[in-house]
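With these hints in hand, go ahead and build the complete structure from the sequences.
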Amino acid sequence: MEAKRKQLFGKVVSNKMDKTIVVEVENLVMHSLYKKSVQRTKKIKSHDAKNECSIGDLVRVEETRPLSKEKRHRLVEIVEKAK
Numbered sequence: 001m002e003a004k005r006k007q008l009f010g011k012v013v014s015n016k017m018d019k020t021i022v023v024e025v026e027n028l029v030m031h032s033l034y035k036k037s038v039q040r041t042k043k044i045k046s047h048d049a050k051n052e053c054s055i056g057d058l059v060r061v062e063e064t065r066p067l068s069k070e071k072r073h074r075l076v077e078i079v080e081k082a083k
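With the numbering used here, letter number 50 in the sequence shown gets 50, and the count goes up by one each step, no holes.
All clues given are correct.
No farther apart than 27 Å at their CA atoms in a straight line, the calculated lysine-lysine pairs in the DSS-like style are these:
| hint | residue 1 | residue 2 |
| --- | --- | --- |
| 1 | 45 | 83 |
| 2 | 6 | 16 |
| 3 | 19 | 83 |
| 4 | 81 | 11 |
| 5 | 69 | 6 |
| 6 | 4 | 42 |
| 7 | 11 | 69 |
| 8 | 19 | 42 |
| 9 | 71 | 19 |
| 10 | 19 | 81 |
| 11 | 83 | 43 |
| 12 | 4 | 43 |
| 13 | 43 | 11 |
| 14 | 43 | 69 |
| 15 | 50 | 16 |
| 16 | 4 | 19 |
| 17 | 50 | 69 |
| 18 | 16 | 45 |
Quick list of the computed label-pair ranges, beta carbon to beta carbon:
| hint | residue 1 | residue 2 | range |
| --- | --- | --- | --- |
| 19 | 69 | 30 | 30 to 36 Å |
| 20 | 56 | 33 | 33 to 39 Å |
| 21 | 78 | 33 | 35 to 41 Å |
| 22 | 32 | 52 | 39 to 45 Å |
| 23 | 52 | 72 | 15 to 21 Å |
| 24 | 74 | 33 | 34 to 40 Å |
| 25 | 64 | 36 | 30 to 36 Å |
| 26 | 64 | 35 | 34 to 40 Å |
| 27 | 32 | 76 | 30 to 36 Å |
| 28 | 24 | 67 | 17 to 23 Å |
| 29 | 16 | 64 | 17 to 23 Å |
| 30 | 66 | 35 | 35 to 41 Å |
Just so you know, these hints were derived from the structure itself, not from any lab. Just so we're clear, the structure is a prediction, and the values are computed from it rather than from any experiment. Virtual Cβ for every residue (Gly too), placed ideally from N, Cα, C.
Okay, here's the thing in structure tokens:
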């Protein structure tokens, strides 16, 4: 049985590498002292097998086995194409 993999939503900020996209993922975290929601961003390198993403696309990626030194996610679907 395959384990459920963590899925993330983000925006493509770079597609210059072959079969690789850089996705910026945002999440809200509570500040430990001030108890205010703070927005944190993380850039994740993801595998795009068909080179179908373009900059500005909203995508869904999921965790996978390490594919290279920095790639640990793969593209699941393009939720919304950039205009």
